[in-house]
Amino acid sequence: MQIRDYIIRRLLVLPVLIIGTSIIVFALTRIGGSPIGIYLSHEMNPAEVQEMKERFHLDKPVPVQYFYWIKGVTQGDLGWSGVASAPVVDVFPKKFAATMELAIAAGIVAVSLGIALGTFAGARRNKLADHIIRVVSVSGASMPLFWFAILLLIIFWVWLGWFPIGRSDPNLFEAIPHPTGFYTIDALLAGNFAAFRDAVWHLIMPAVALGYGATAIIARMMRSSLIEELQEDYVDAAKAKGLAERVVLKKHARRNALIPTVTVIGLTFGFLLQGTVVAEIIFRWPGLGRWMASAVLRGDQATIMTYVMFTSILFLIVNLVVDIIYANLDRRVVLGE
Amino acid sequence: MSPDTAYTSDSLSENLIASVTNLKVYFQSKQGMVHSVDGVSFDIVDGEMMGLVGETGCGKSVTARSFMQLIQTPPGVLAGGKILFKSQKNCNKCDGAGCVACSKTGKNILDLLSLSESQIRELRGERIAMIFQDPGKALNPGLTIRTQLAEVFQEHRENDVFKKAGITNNLDGINGYLLKKYIRQELNLITKLMLKFPPFSGFRKKVDKAIDGLVTEALSETQIPNPNKIMERYPHELSGGMKQRVMIAQAIACNPDLLIADEPTTALDVTVQARVLDLIKDLQKRHQTSVLYISHDLSLVRRICDRVAVMYAGKIVETGDAETIFNNPKHPYTQGLIKALPSMTHERGKLEAIEGMVPELINPKTGCRFASRCKQKKSNCENNDPELKVLSNKDKSHKVSCFLYE
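So the sequences go chain by chain: A and B. Residue numbering for the first sequence follows numbering that gives the first Met the number 0, beginning at 0 and increasing consecutively. Residue numbering for the second sequence follows numbering that gives the first Met the number 0, beginning at 0 and increasing consecutively.
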């Protein structure tokens, strides 16, 4: 089977998975009780309460409510967010972009640093560099994000004052149009270098804090699978051809060591999304995570469902991409199915 | 630095391509030093097939890998010995005339164990090549056959590639710089990108085509049908026999002086074994390559090898002409091995087995390693090390390491 057929088949399965996810998300949210509370005020009398229930179809059985929700979603109505006091659909894109910018930046940190450190350590097994990298990655995998984030905040914001918190300097960004919602990209599109520098400067600390855990996981996976690959016969066979150590490492061993690592990368993306909640609260980042945290506390179900749905779909897509990369790296996967 | 600047003053008889003297390779383990190869000596005659026979774990593969410095150190430790190898290049002192330094061979004599990394790299795949035991593991699962075979030419036949591509005149300046980097696999992101666009992409395609041609030639040498199609495949899409043919094609691509075959048929089906064996023998005869054939299968070695060395627990116990070893084995271990072989003339019934177990190789005591299993053991066998000695003056190549003949 060709890679192309494989991708098409995976894409066909995607809608089924999304529908399944939506049912689970809806059911789990409704278990938390009726969302009517967010629409009511103390002044309403029972008749008005009943009217509100009917207006939001909350007097119907739960399965029927699901279909009303789906109908709304397909028409672009994601519900009313009590926390934001606005329709979810109006607030969501801006916050989503903010979170994605953070998650992607953290992902770039984690993947590039993780693979580089893992390869470096694996190729120098039991040497000093390997030991140092192992200590760094063990601490990264075991330090809780909220603790590490606060540590960074104290050192680099409170003490040294090197990095700011928040997302941007509002003075710089008011004048710039926001076609993408990603401040770094918007600044570049506007050709405003000062704004770009400001956006990157704000991004570094939360991205590092958020990416550190994933970096550690990826580096450890990369190191151990590289060490395993370096024991394989084909590495000796490649050396026996007269190839330089560098080519043997990069072209032969690292390529195969990436196969298990790529799977882990896909999984750590979920880890990153989940971490945005904590990172956004600590670094005062105006993204979905912070919004989400207050929505959960206030029982804002429309927001919760949208958030969970979106992150699930994102996770599905990321894992699809990972599987495609995986199939490209390991040709046996596609054929073996 | 070319390997030929590192010639040694040791001598190598004229008819030999390589000679192993007192090779000792140990491995560190938690229990102690494992003496995998403990004083191994044998010669490989130029143009002949040398069989190295022994049971699993006796140190055959370690000996073979030492030729190419493929032993990982640590845990491996090179505890001593030399592997002398006659290079193709003329002697540095007499330039081919024949002097004392090169034992009148006119060629440089190299000690493979003392070469630097870059020096041994020039020999690997070019003058000394290796076929591995399991072709399924020795080919990289993530790269096509073409990519893997091409590397041999890219590493050692740069000029041939350019000549075949017909671009020897265009190698000055940036173009030559890029193409050389491309062949040597030293591209970075920018140079890789540059080669994707004209005017460089045209030259790159010519180089690719030239390499394709060389790969096809190498594959058809091993009688692979449809080499053009096979080379686009991945290893898992080929059968075991095909994969081993690819390995052989890769090994003989540069027409090496010495081919090391480390149990090349062990991982294959019996029906395929015979064909692969015939192929190796045929190629050896045609190219006059010297072969070190490693096997645990005595009958197989008898069929194809000119000379045999029998190895037991890290030491050579007997060596000589294949026929002499089989018809007139002297060492009790060799005798036991041959008795354990089924044959057409053998009367029906049980085969004789050698009683006992292979001794531990961790910090071994002095004394003959075979003593614990030997039926003809004498009093001094367990206390003294026997030496590999010539038996009679009639056949100086037949050597045995046993106290029975002293």
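Watch out, some of these pointers could steer you wrong.
[Stated by the list, open to error] Here are some chain A residues pointing at chain B (derived, C-beta under 8 angstroms): (1) Glu231; (2) Gly241; (3) Lys250; (4) Arg330.
[Claimed, not checked] Below, a list of computed lysine-lysine pairs in the DSS-like style, where the Cα atoms sit at most 25 angstroms apart: (5) A:Lys126 - B:Lys29; (6) B:Lys228 - B:Lys204; (7) B:Lys29 - A:Lys250; (8) B:Lys388 - A:Lys250; (9) B:Lys195 - A:Lys250; (10) B:Lys388 - A:Lys249; (11) A:Lys250 - B:Lys180; (12) B:Lys180 - A:Lys249; (13) B:Lys208 - B:Lys191; (14) A:Lys250 - B:Lys179; (15) B:Lys23 - A:Lys249; (16) B:Lys29 - A:Lys249; (17) B:Lys163 - A:Lys249; (18) B:Lys180 - B:Lys163; (19) B:Lys179 - A:Lys126; (20) B:Lys204 - A:Lys250; (21) A:Lys250 - B:Lys23; (22) B:Lys388 - B:Lys23; (23) B:Lys205 - A:Lys250; (24) A:Lys249 - B:Lys204; (25) B:Lys364 - B:Lys349.
[Stated by the list, open to error] A short list of chain B residues far from chain A (calculated; beta carbon distances all over 10 angstroms): (26) Gln132; (27) Lys162; (28) Thr270; (29) Gln272; (30) Leu387.
For the record, the hints were derived by calculation from the structure and aren't laboratory data. Yeah, the Cβ is synthetic: ideal placement off N, Cα and C, and Gly gets one too.
Right, here's what the structure says about each hint:
1. This hint holds: Glu231 (chain A) has a C-beta 6 angstroms from the nearest C-beta of chain B, less than the 8 angstroms allowed.
2. A hinted interface residue such as Gly241 (chain A) counts as satisfied when its beta carbon comes closer than 8 angstroms to some beta carbon of chain B; here the least separation is about 4 angstroms, so the hint holds.
3. The closest approach between the C-beta of Lys250 (chain A) and any C-beta of chain B is roughly 7 angstroms, which is under the 8 angstroms cut-off, so the hint is satisfied.
4. Annotation: Arg330 (chain A) was flagged as interfacial toward chain B, and the flag holds, the nearest CB pair being 5 angstroms apart, inside 8 angstroms.
5. Distance check on the hinted pair: Lys126 (chain A) and Lys29 (chain B) sit about 19 angstroms apart at the alpha-carbon level, within 25 angstroms; holds.
6. Pair hint Lys228 (chain B) plus Lys204 (chain B) holds up; C-alpha atoms about 18 angstroms apart against a cutoff of 25 angstroms.
7. Using a Cα cut-off of 25 angstroms, the hinted pair Lys29 (chain B) and Lys250 (chain A) is violated, with the two alpha carbons roughly 33 angstroms apart.
8. A hinted pair counts as satisfied when its Cα atoms are at most 25 angstroms apart, and Lys388 (chain B) with Lys250 (chain A) does not qualify at roughly 48 angstroms.
9. Distance hint between Lys195 (chain B) and Lys250 (chain A) is fulfilled; the C-alpha atoms sit about 19 angstroms from each other, no more than 25 angstroms.
10. This hinted pair does not check out: Lys388 (chain B) and Lys249 (chain A) have alpha carbons roughly 48 angstroms apart, beyond 25 angstroms.
11. At most 25 angstroms may separate the alpha-carbon atoms for a hinted pair to count; Lys250 (chain A) and Lys180 (chain B) meet this at roughly 15 angstroms.
12. A C-alpha spacing of about 16 angstroms is found between Lys180 (chain B) and Lys249 (chain A), which places the hinted pair at or below 25 angstroms, so the restraint holds.
13. A C-alpha spacing of about 18 angstroms is found between Lys208 (chain B) and Lys191 (chain B), which places the hinted pair at or below 25 angstroms, so the restraint holds.
14. For the hint linking Lys250 (chain A) to Lys179 (chain B), the alpha-carbon distance of about 18 angstroms falls within 25 angstroms, and the restraint holds.
15. Annotation: proposed proximity of Lys23 (chain B) to Lys249 (chain A) is violated, straight-line Cα distance about 32 angstroms (limit 25 angstroms).
16. A distance of roughly 31 angstroms separates the Cα atoms of Lys29 (chain B) and Lys249 (chain A); the hinted pair therefore is violated under the 25 angstroms criterion.
17. Taking the CA atoms of Lys163 (chain B) and Lys249 (chain A), the gap is about 28 angstroms. The hint is violated against a cut of 25 angstroms.
18. Distance hint between Lys180 (chain B) and Lys163 (chain B) is fulfilled; the C-alpha atoms sit about 18 angstroms from each other, no more than 25 angstroms.
19. Note on Lys179 (chain B) and Lys126 (chain A): the hinted pairing is violated, with a Cα-Cα distance of about 34 angstroms set against a maximum of 25 angstroms.
20. Between the alpha carbons of Lys204 (chain B) and Lys250 (chain A) the distance comes to roughly 21 angstroms, so the proposed pair stays at or under 25 angstroms and holds.
21. Between Lys250 (chain A) and Lys23 (chain B) the CA atoms are separated by roughly 33 angstroms; this puts the pair beyond 25 angstroms, and the hint is violated.
22. Taking the CA atoms of Lys388 (chain B) and Lys23 (chain B), the gap is about 19 angstroms. The hint holds against a cut of 25 angstroms.
23. With a CA separation close to 23 angstroms, the supplied pair Lys205 (chain B) and Lys250 (chain A) stays within the 25 angstroms bound.
24. Distance check on the hinted pair: Lys249 (chain A) and Lys204 (chain B) sit about 23 angstroms apart at the alpha-carbon level, within 25 angstroms; holds.
25. Distance restraint check for Lys364 (chain B) and Lys349 (chain B): the Cα-Cα separation of roughly 34 angstroms exceeds the 25 angstroms cut-off, and the hinted pair is therefore not satisfied.
26. Chain A draws Gln132 (chain B) into its interface by the beta-carbon criterion, the shortest separation being 8 angstroms against a cut-off of 10 angstroms.
27. At the 10 angstroms boundary, the C-beta of Lys162 (chain B) stays outside the reach of chain A, the nearest C-beta of that chain being 20 angstroms off.
28. Non-interface status of Thr270 (chain B) relative to chain A is upheld: no Cβ of that chain comes within 10 angstroms, the nearest being about 24 angstroms off.
29. Once the 10 angstroms rule is applied to beta carbons, Gln272 (chain B) is consistent with being away from chain A; the minimum gap is 19 angstroms.
30. At roughly 29 angstroms from the closest C-beta of chain A, the C-beta of Leu387 (chain B) stays outside 10 angstroms, upholding its exclusion from the interface.
Violated hints for the displayed structure, listed by number in ascending order: 7, 8, 10, 15, 16, 17, 19, 21, 25 and 26.
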